[in-house]
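Enquirer: Take these sequences, add in the hints, and give me the full structure.
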Amino acid sequence: MIIAYLGSTVRQTLLQPAIIFLVILQAATVVFFVFGVSFEYRGETLISISLLGMEPLTGHGLLIARQSFDHFIRLGWEVFKFLLIIGIAPSFVELLKDPLLSIVLTKKISRARLMLMRWCGIVLSVGIIQALYATSMVLVLLFKTSVLSVSFIIPVILGPLAYVITFAALACLLGILFEHATGVTVVVLAVNYIGAFVESVTQQTESWVRLIGYLFPPLATTEKFFLDTMLYGSPDGILPERLVVYPIAYLTLAILLFRQKDL
Amino acid sequence: MNDSVIHIERLGKTYQQGGFSHQRIRALHDVTLEVKRGEIVAILGLNGAGKSTLVKILLGLVRATEGRAALFGEPVNGNTWKDRVGYLPEVFRVPQDQSATAILCFLGAISGLNGSRLRERVEECLEIVGLSNVSSRKAKTYSKGMILRLGIAQAILSEPELVFLDEPTEGLDPVGKVDIRNLLMNLSQRGITVVMNSHLLSEVEYVAHRVAILHRGQVRREGKLSDLLPDSSRFVVELSVQLDLPPRWKPVTVANSTRCEVETVQQLQEFLGFLKSKGVEPASVRPERSTLEEVFLKYISDTQ
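Protein sequence lines, in the order shown, are assigned to chains A and B. The first sequence runs contiguously to residue 273 in this note's numbering. The second sequence runs contiguously to residue 373 in this note's numbering.
Careful, some of the hints might be misleading.
[Unchecked claim] Straight-line Cα separation of at most 20 Å, DMTMM-like style, residue types lysine to aspartate or glutamate; simulated pairs:
1. A:Lys107 to A:Glu189
2. B:Lys209 to A:Asp108
3. A:Lys91 to A:Glu233
4. A:Lys154 to A:Glu50
5. A:Lys271 to B:Glu159
6. B:Lys209 to A:Glu104
7. A:Lys118 to B:Glu196
8. B:Lys213 to A:Glu189
9. A:Lys107 to B:Glu230
10. A:Lys118 to B:Glu228
11. B:Lys347 to B:Glu307
12. A:Lys91 to A:Asp238
13. A:Lys118 to B:Glu143
14. A:Lys107 to A:Asp272
15. B:Lys345 to B:Glu307
16. B:Lys367 to B:Glu291
17. A:Lys271 to B:Glu330
18. B:Lys246 to B:Glu291
19. B:Lys207 to A:Asp108
20. B:Lys105 to B:Glu230
21. A:Lys118 to B:Asp152
22. B:Lys209 to B:Asp166
23. B:Lys345 to B:Glu330
24. A:Lys107 to B:Asp166
These aren't lab readings, by the way, just hints derived from the structure by calculation.
Expert: Shown next, in the form of structure tokens:
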């Protein structure tokens, strides 16, 4: 029963146009790194990069190329988050509008379990996508640069997963409350952008304003942890512990509301 | 052994509208009903009478605001009865890009069937509803009637003891209606209890053992069909001759015969005396039975 429902959710999530587009972009990135980029090292020092078979960039050109890679990773991360939110935010509204929902709920499956399986299915889908992407990218870079460690895969998977776990839980709660796919997507996008801003502002102060920051999940800190790992090979600090509180709170509220809902 | 499959006691449901109006809509009020094993019970009512709300409460999809209901002796908000029930919702929609087999396999797996048992049941159910030859086609190519047949197939997939069918013959062609009617009777013969919502009275008359007439959220009349459809006191007298009769006998002349209607036994005796005085023997005299439609209209108009 669990496998059937998880399988169905994974299938539905992977067939979302935004998620398909995300996978295409990731595949294009991997292909670009396989065929379009060459690195030359002396010992562990990068001395030149060649793009699309052009003349290798060294010295100042290499510096600019490295900065461009940083921008590419930051831009890629923003695109990833945007597509991810668009892809997964409507999922719980779709659950409520699923033509088979009323039938599924007459089977031996509780509403709480159904909702958690939906959430797990979404997290699993993104986990699968990200695991494939991270593994391919790290293997390509490992082969091409020979300085990268395989352990680099873990943060590349965990960073986005932390986001998915939080966003999917928030989308779940908002979906049950509003039953409106566009509205939920807009609110989750807003929480992503406003939340990161509020978090960075409130961290600067010691006054009660700091408490406002607790209304939002610590996504800016999580993002920094993830991007530091991507860009500099190791994170500055650790993932904030309170990150786990938000998805648990969102899911608990969502389950309580869903159990009371007339379908 | 307790034969009661459904027990409903003073059940009520009031919907609270959202927004600023806080309007309250009373969908069900003081509904009491008992359904026994193997019965086919039809819940009749106009659109908005509360039929679907009643079924949804019984299935735990909607919460009752008053009274209580139990399936197989267990409260409906529990989980214990869930593997014993099948359900066809009023609006049965399916994922358009999946085949009948895929949809049934998914719902079968959710019901706890697996492996060869699941495949067997899917094939059996598709055979029963006559979709075997189109089972691999995507649902978007199905007609309304085929979707409904698929809905019935999924409702009986896990071999339930109780099946709820919300408008099971709506949209079916005459052949399909006969098939479903036969299927319902077959289920009943196998001891499966069927509760069907309908406003197609002619269909209900063929299959239901008992009928509950629901109007504005209340059960107006409930009982066996034979109790609900008493022989009326009206009689139809047919004559094999053309005869000039006073309008009070409601004569209708067709070709060389005349059909008359009388309202009471007294009027019948009077009419037969009149015919005797004219030297005419009636070809037939028979009581006219009320139709379910007449009974239904009577109960809902009495309580308007």
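Enquirer: The structure should be examined with respect to each hint, and the outcome stated for every one.
Expert: Going through the hints against the structure:
1. Distance restraint check for Lys107 (chain A) and Glu189 (chain A): the Cα-Cα separation of roughly 9 Å lies within the 20 Å cut-off, and the hinted pair is therefore satisfied.
2. With a C-alpha separation of about 16 Å, the suggested pairing of Lys209 (chain B) with Asp108 (chain A) holds against the 20 Å cut-off.
3. Only pairs whose Cα atoms come within 20 Å are accepted, and Lys91 (chain A) paired with Glu233 (chain A) is accepted, the gap being roughly 10 Å.
4. As the CA atoms of Lys154 (chain A) and Glu50 (chain A) are separated by approximately 9 Å, the hinted pair is consistent with the 20 Å bound.
5. At most 20 Å may separate the alpha-carbon atoms for a hinted pair to count; Lys271 (chain A) and Glu159 (chain B) meet this at roughly 19 Å.
6. Proximity of Lys209 (chain B) to Glu104 (chain A) is assessed by CA-CA distance (about 19 Å); at most 20 Å being required, the pair is judged to hold.
7. Between Lys118 (chain A) and Glu196 (chain B) the alpha-carbon distance is near 26 Å, which puts this suggested pair outside the 20 Å criterion.
8. Simply put, Lys213 (chain B) and Glu189 (chain A) have alpha-carbon atoms about 27 Å apart, too far for the 20 Å limit, and the pair is violated.
9. The straight-line distance between the Cα atoms of Lys107 (chain A) and Glu230 (chain B) is roughly 28 Å, outside the 20 Å bound, and the hint therefore fails.
10. Of the supplied pair hints, the one linking Lys118 (chain A) and Glu228 (chain B) holds, its CA atoms being roughly 14 Å apart against a limit of 20 Å.
11. A hinted pair counts as satisfied when its Cα atoms are at most 20 Å apart, and Lys347 (chain B) with Glu307 (chain B) qualifies at roughly 15 Å.
12. Only pairs whose Cα atoms come within 20 Å are accepted, and Lys91 (chain A) paired with Asp238 (chain A) is accepted, the gap being roughly 17 Å.
13. The suggested pairing of Lys118 (chain A) with Glu143 (chain B) holds, with an alpha-carbon distance near 14 Å, which does not exceed 20 Å.
14. The straight-line distance between the Cα atoms of Lys107 (chain A) and Asp272 (chain A) is roughly 13 Å, inside the 20 Å bound, and the hint therefore holds.
15. As the CA atoms of Lys345 (chain B) and Glu307 (chain B) are separated by approximately 14 Å, the hinted pair is consistent with the 20 Å bound.
16. This hinted pair checks out: Lys367 (chain B) and Glu291 (chain B) have alpha carbons roughly 13 Å apart, not beyond 20 Å.
17. Between the alpha carbons of Lys271 (chain A) and Glu330 (chain B) the distance comes to roughly 55 Å, so the proposed pair goes past 20 Å and is violated.
18. Proximity of Lys246 (chain B) to Glu291 (chain B) is assessed by CA-CA distance (about 24 Å); at most 20 Å being required, the pair is judged violated.
19. As the CA atoms of Lys207 (chain B) and Asp108 (chain A) are separated by approximately 17 Å, the hinted pair is consistent with the 20 Å bound.
20. At most 20 Å may separate the alpha-carbon atoms for a hinted pair to count; Lys105 (chain B) and Glu230 (chain B) meet this at roughly 11 Å.
21. Taking the CA atoms of Lys118 (chain A) and Asp152 (chain B), the gap is about 6 Å. The hint holds against a cut of 20 Å.
22. Proposed proximity of Lys209 (chain B) and Asp166 (chain B) is supported: the alpha carbons are some 7 Å apart, at most 20 Å.
23. Taken as a hint, the Lys345 (chain B) and Glu330 (chain B) pair is honoured in the structure, with Cα atoms around 17 Å apart against an allowance of 20 Å.
24. About 16 Å separates the Cα atoms of Lys107 (chain A) and Asp166 (chain B), which keeps this hinted pair within 20 Å; it holds.
Against the hints set out earlier in the document, violations occur for numbers 7, 8, 9, 17 and 18.
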